[in-house]
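Numbering (our numbering), first residue to last: 7 to 514.
Everything labelled a hint here was simulated from the structure, so no lab data went into it.
Since this is a predicted model, take the numbers as computed values, not measurements.
For each residue, glycine too, the CB sits at the ideal point set by N, CA and C.
There may be inaccurate statements among the hints.
To be verified - DSBU-like, lysine-lysine: derived pairs with alpha carbons at most 30 angstroms apart:
| id | residue 1 | residue 2 |
| --- | --- | --- |
| 1 | Lys188 | Lys261 |
| 2 | Lys378 | Lys267 |
| 3 | Lys105 | Lys160 |
| 4 | Lys261 | Lys203 |
| 5 | Lys160 | Lys10 |
| 6 | Lys188 | Lys96 |
| 7 | Lys373 | Lys41 |
| 8 | Lys133 | Lys10 |
| 9 | Lys41 | Lys10 |
| 10 | Lys424 | Lys484 |
| 11 | Lys350 | Lys395 |
| 12 | Lys378 | Lys362 |
| 13 | Lys144 | Lys160 |
What the hints assert, rightly or not - Computed Cβ-Cβ distance ranges for the label pairs, DEER-style:
| id | residue 1 | residue 2 | range |
| --- | --- | --- | --- |
| 14 | Gln249 | Glu403 | 45 to 55 angstroms |
| 15 | Arg361 | Thr510 | 32 to 42 angstroms |
| 16 | Pro262 | Arg186 | 16 to 26 angstroms |
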Amino acid sequence: MTNKPIRVRFAPSPTGPLHIGGVRTALYNYLFAKKHGGTMILRIEDTDQGRFVPGAEDYIIESLEWCGIRFDEGVNTGGPHAPYRQSDRKSLYKEYSDKLIASGHAYYAFDTPEELDELRKMAEASKQTFTYNAVTRKNLRNSLNMSPQEVEQKIGEGMPYVVRFRIPENREVVMNDLIRGKVVVKTETLDDKVLFKSDGMPTYHLANIVDDHLMEISHVIRGEEWLPSLPLHILLYQAFGWQEPEFAHLPLLLKPDGNGKLSKRDGDRLGFPVFPLKWKDPFTGEISSGYRESGYFPDAFVNMLALLGWNPGTEQELFSMDELIQSFSLERVGKAGSKFDPEKTKWFNHQYLIRKSNRELAADFRKIIDSKGFKPDDNTLEKIVELLKERVNFVPELWNEGSFFFQQPETYDEQVIKKRWKAESADQMTALAAFLSSVEPFDSATLDQALKSWIESNAMNMGAIMNVLRLLLVGAAKGPHLADIMAILGKEETIRRIQRGVATIVQL
RNA sequence: GCUCCCUUCGUCUAGUCAGGCCCAGGACGCCAGGUUUUCAUCCUGGUAACAGGGGUUCGAAUCCCCUAGGGAGUACCA
Numbered sequence: 007m008t009n010k011p012i013r014v015r016f017a018p019s020p021t022g023p024l025h026i027g028g029v030r031t032a033l034y035n036y037l038f039a040k041k042h043g044g045t046m047i048l049r050i051e052d053t054d055q056g057r058f059v060p061g062a063e064d065y066i067i068e069s070l071e072w073c074g075i076r077f078d079e080g081v082n083t084g085g086p087h088a089p090y091r092q093s094d095r096k097s098l099y100k101e102y103s104d105k106l107i108a109s110g111h112a113y114y115a116f117d118t119p120e121e122l123d124e125l126r127k128m129a130e131a132s133k134q135t136f137t138y139n140a141v142t143r144k145n146l147r148n149s150l151n152m153s154p155q156e157v158e159q160k161i162g163e164g165m166p167y168v169v170r171f172r173i174p175e176n177r178e179v180v181m182n183d184l185i186r187g188k189v190v191v192k193t194e195t196l197d198d199k200v201l202f203k204s205d206g207m208p209t210y211h212l213a214n215i216v217d218d219h220l221m222e223i224s225h226v227i228r229g230e231e232w233l234p235s236l237p238l239h240i241l242l243y244q245a246f247g248w249q250e251p252e253f254a255h256l257p258l259l260l261k262p263d264g265n266g267k268l269s270k271r272d273g274d275r276l277g278f279p280v281f282p283l284k285w286k287d288p289f290t291g292e293i294s295s296g297y298r299e300s301g302y303f304p305d306a307f308v309n310m311l312a313l314l315g316w317n318p319g320t321e322q323e324l325f326s327m328d329e330l331i332q333s334f335s336l337e338r339v340g341k342a343g344s345k346f347d348p349e350k351t352k353w354f355n356h357q358y359l360i361r362k363s364n365r366e367l368a369a370d371f372r373k374i375i376d377s378k379g380f381k382p383d384d385n386t387l388e389k390i391v392e393l394l395k396e397r398v399n400f401v402p403e404l405w406n407e408g409s410f411f412f413q414q415p416e417t418y419d420e421q422v423i424k425k426r427w428k429a430e431s432a433d434q435m436t437a438l439a440a441f442l443s444s445v446e447p448f449d450s451a452t453l454d455q456a457l458k459s460w461i462e463s464n465a466m467n468m469g470a471i472m473n474v475l476r477l478l479l480v481g482a483a484k485g486p487h488l489a490d491i492m493a494i495l496g497k498e499e500t501i502r503r504i505q506r507g508v509a510t511i512v513q514l
């Protein structure tokens, strides 16, 4: 067991976009596999035909791809256990269901969904919960209460049936979870879950056990919502006589405020994406925002997600994927759910952004610049990015912080005018423009020196001049060092802006 | 209701398995001060937590019990 090759799977259901909790589950599987030189498998669990959503599978694959999570086997990738889509494996499950019936671990049930609904309603009315179990199954329409001939006849007539697992009586199921430790459950509290549906498809419970066994999965790492069905799964392995894999149930991702599982609605309500990529619902046309489209870097996104529920035990916070693989261990995954923090997510992105090369950022920024119709050369754009990067969390914000590099101010901030514009400002600025025309070379260092000595020699106030100058060049009280801005704008544009600004403000 | 899981600053968490190094450390956020010709960054400082109650022990965030709170599951969904 310990020296079996490590094989893990991420097994999403293509019922919609993958939300960040699912991405984290995939990530932890991936980190665990790579850490131990194991194999990462993508299996699509689409046994519910009624919940099929077009595009969801592609969305999942593209999302994981964006995150840098790679699969060694799976849908699209192929591998020795293909196919990896459960609907393509349909023919295989009946055999296993039959085996369980033959060995007495499962039975046919002919109760209709309507009959069961009725029973549930009645139970609910008396504040009870209906369970299909050792006591109730004695009075229901199943093969346990029929002669073999009767069963055969019903099936022969084409009567719809399901196959249910027969939960053994009076036993304790002892389970070990890698994160939570030992968990014990009495079989009396379990119910006879459906394994095989009347539509000819297995349920998750059967399909997941059969496939995990066939695909030689060594560790099942999945969300905590599966913990309550772990006893059933253990019992299934035992019924088949198979060696069970190790299990690890990950804590949930919780909404930032209040309690409960993070859901799509929380993102809408609080204004942050809950999906890696933008998603358009094929039925309603509704659009959900994604991290990618919101300007997050995949490595920052992955870094943030990795630390939500796991920590390295050191004070390191920034991890590349390789470093995550190196440091990851299931032992250091916490037990309690983590509230998602959109603010810290932004901080992570900022950290990654300031570490990117100017060249890389400039290339990203150019897409935005292009759409605005500006064509700066690479060198200039890289300089601009250099000046701006510390001030933003996202590439698109570069425009908000630095549009003045490309276009003259459309308006001049009224507050700043009120505070800085004095009676003598117009004359001072006109004089400054004249002086600037003589400054050569027009680079940052030279300008810095020239400006200082000009202000001093004219016995003017540094703050007054510089702030007014900034107002004319930028339009507001913001932005990087002025000499840097002027150097990028160039002499001609700088002087032009001063003259235009003076003319405009004087008229106000 | 029932079953299972969980509980350290507002949030993510270290420390819990091997009790003393913890009047509890880091990060995000927030607040204040500093740097700066502006804004942002940055730097410094501050804010703020062992859910509650019993035990065990010389000593408990750490071990045991109880209570409370929260979460998940309870489908012919995954």
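Against the structure, the hints:
no.	hint	result
1	Lys188 x Lys261	holds, 28 angstroms
2	Lys378 x Lys267	violated, 41 angstroms
3	Lys105 x Lys160	holds, 20 angstroms
4	Lys261 x Lys203	violated, 34 angstroms
5	Lys160 x Lys10	violated, 45 angstroms
6	Lys188 x Lys96	violated, 34 angstroms
7	Lys373 x Lys41	violated, 37 angstroms
8	Lys133 x Lys10	violated, 48 angstroms
9	Lys41 x Lys10	holds, 15 angstroms
10	Lys424 x Lys484	holds, 16 angstroms
11	Lys350 x Lys395	holds, 18 angstroms
12	Lys378 x Lys362	holds, 23 angstroms
13	Lys144 x Lys160	holds, 18 angstroms
14	Gln249 x Glu403: 45 to 55 angstroms	holds, 53 angstroms
15	Arg361 x Thr510: 32 to 42 angstroms	holds, 40 angstroms
16	Pro262 x Arg186: 16 to 26 angstroms	holds, 25 angstroms
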